[in-house]
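Student: The residues making up each chain are set out below.
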Amino acid sequence: MSTTTPSRGARAASGTADYLDQRTGIGTAVKGFARKIFPDHWSFLLGEIALYSFIVLLISGVFLTMFFVPSMGETHYEGPWAAMQGVEMSQAFASTLRLSFEVRGGLLMRQIHHWAALLFMASIVTHMMRVFFTGAFRKPREVNWLVGFVLLVLGLAAGFSGYSLPDDVLSGNGLRITDGVVKAIPIIGSYMSFFLFGGEFPGTDIIPRLFTVHILLVPGLILALIGLHLLFVVLHKHTQYPGPGRTDKNVVGYPLFPVYTAKAGGFFFVVFGVIALMAATMTINPVWNYGPYDPSPVSAGAQPDWYMLFLEGALRLMPGQTEYVIGGYTLSLNVLIPAMVVPGILFTAIAAYPFIEAAVTKDKREHHVLDRPRNAPFRTAFGVAFLTAFVVLALAGSNDLIATQFRMSINDITWAFRVLLFVGPAFAFWVTKRICLSLQRKDRELVLHGHETGRIVRFAHGEYIEVHKPLDEYEQWLLVSYDSPRPLEIEPAEDSRGVRRKGYRKDRLKQRVSRIFFEDRVEPVTPAELAAAHSHGEHDTIAPAPEHDQITSEVGSGPASETDTETRNR
Amino acid sequence: MSTQQNPGHGDEVVAHEGSAPATHFENPGLPPHRPRQADVNPAAAKRAERQIVILFAISIIGTIGTVVAWSLVPPGDTPSSMRLSNFLIGFGLFLSLMGIGTAAVHWAKTLMNDHEKVEMRHPQRSSDETRAGAVEVLKEGAADSGIGRRGVLKGAAVTSLALFPLAIAVPLIGDVGGSWDVSKLKHTIWRKGVKLTTDPAGRPIKAADVTIGSVFHVIPENLEEVDAHERLNEKAKAVVLLVRLDPKDLKEAEDRKGWSYDGIVAYSKICTHVGCPVALYEQQTHHLLCPCHQSTFDVADGAKVVFGPAKRPLPQLPIEVDDEGYLVAQSDFHEPVGPSFWERLK
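Chains as they are written, first to last, in the working numbering: chain A, 1 to 570; chain B, 1001 to 1346.
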């Protein structure tokens, strides 16, 4: 017997723990996970927002299923909403009205559900951007990138299937567009349309079918894949931003219990709270104003949810001349290209990028320290170009609103976007790459010469200099600790006896691709360069410093010329 | 700061180097820990604790508020009472959640130990020994099953596994498309003599009522007779837009001369792009604009496409006037309406 008797609570806790451990061996898991280290950074919250908004979707979604009737059976509305009194509508639409106006808190839950869905997609996309621009998808996380990619696609499917459920006139037109796109598929198009709608559009099957897809199939898959996604995070341990003390062999941060239990757990409530505030104050998708689906009316200025805008924009931009009749069969490229080929290219690019980059760099190392986006100029520029294309398409999906808001010709706007879709990404690529290289040069400059202090000192012999404060080793480490791969070097086409080498063409191609990635590069400062820069700092007069902008033009020559530049006022 | 140094006379930043500088810098290790206010000042810690308690209290008030709002402020039956109920319940929920969230985060950031800890990583790859062991057990298992020696058995197993999904897929696919009669896409319920009626009232339209420049949204008179669960399907194909133009503005193809009546033309309202209702008519230009993707059709010129992603003109419904002066159809459309599909011309 010990001298201090444990309290009743402590005894109960240890009894429960003992009971569980004897049956599950949970002690091992607790010991392994409770103090697991996670790095800290605001951008790591983006993925958390996605997870939490999904949980909010589950909670609010369960609430909604209690009252929603997924049926296209006809009924006449009798309820408190005067504008729809006696109108013939589907039970789906009628139950949505009841849910909004008669169930207390029902409207709030509907709006929570819709806002959470928008936030879910937005946080997935921004989380992917974070992962992309920091190179977090590199080995060993390529597979987890693919899992995340499938989650993105499933998120789109969940959003699309849920958007259509209330059976209002807007979502009905969305389904009609889907039907038109599906019909354009060569050979099997009309059969695919019958497959979806259980016969002709709209039929009476589509709402019950979408309901099953929306509340069972897609969320089930999302849940399973989130589990896999997080399992990989535990397995790989989280990536960390570069900084002093951080390496590819360690992980620096705070333990899961108690710091992340409180921070991440608390953040769930923050995310839920913000969604609740949005739902309380901002109306979303007021289907009671649109009315039930009817194939005849349509309203101008209708927009899909934001994550579908790029598809809508692609459909709007495609010129109609590209529909062809071949041997009596109709090939609607004016629909197939924007609705299938364009998203196909965009999504393939997302899924394949980690593998393409790995093939070009031939990098077989594990990476756990993230890249600063500036230190991977090609990747960053490519990502921004991709986003530019996405944004142009999304804006094109709102071209009618732009036209009415800014009183411009819809035809001019459409033409401008047609051009921008090609010019915009190219321009964005060039600008972003230049910005990255400039930032890298600025980093070099900072390491070599330190921070400006604004303090001007005059020496006895009359020379003026501005005092620069050297970086401390921690700040310096952030700026010098990156890789700058060189473009592939290959053997010449002919050997010393003038015989053409086998495989030269293939090598040459590899080299070309490698050059696209790495031709323009800025090397990190080496200790030798830093020492040289400081030795120039002796106050005896030296020649005026050459300019700093030659570095990228000297491919592979290294930045030796940089080191003799010393910014000082003479 | 007093530690500033004149670079001209300054010490080397990289002090630990030998005579030949290395090509890479050394990782300096974790920077020293900087204590927070609450770590060094008990008063600050006390203050933080008080703030956290207040945040939790706000949450409790929010939860009570939500329940009170739920019971005292029902949605009622006016838009403003609905909005009020939604706002009060939602704002209470917001406080209830946000209080907990901010309290927990504030607690973690101000009071919990913030010394960074380091954990080592291990390569993902399993060791050579483990790999060899894995191969070994797989070989053992394969040998136990005898699959290598029994080719027929392997074939039979693979074949049956590959075939069994058919037992589920065939019945499903058989019925999932309803009748699978895709030829329905080519016909509508317009027939000779079917009156053009207004949508949605179903009132027959007299030619004399259609003034120049006016637009009618039209459904066929026999839509009422269609089975209730087929009615939307038929309406989705049969809706028509009726416009009267000054006959001298109207350009008509030779083979369609008889399809209009005194400047009155009827076109399918279903866009030939992806099927939205083409509902916006511009009187001045005689253009019809689809609000979904902005395909623009010229009603004065056979509803040809003048802009946008559609290729084909809207199908025209041939019309005439019956003995009582009502507008009626001469026949069904002469081509399938709506979006293109592979076999539409077959």
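Hint data in this document are derived by calculation from the structure and do not stem from the laboratory. Treat the hints with care, since some could be wrong.
Unchecked claim - Below 27 Å or equal to it, Euclidean Cα-Cα: the simulated BS3-like pairs (lysine-lysine) are: (1) A:K249 <-> A:K362; (2) B:K1186 <-> A:K237; (3) B:K1109 <-> A:K31.
Student: Given the hinted pair B:K1186 and A:K237, is their alpha-carbon gap at most 27 Å?
Tutor: Answer violated: B:K1186 to A:K237 is near 59 Å, above 27 Å.
Student: Taking 27 Å as the top limit, are the C-alpha atoms of B:K1109 and A:K31 close enough?
Tutor: holds (24 Å)
Student: Need the status of pair A:K249, A:K362: alpha-carbon distance at most 27 Å?
Tutor: holds (20 Å)
Hint violations for this structure: number 2 only, all remaining hints satisfied.
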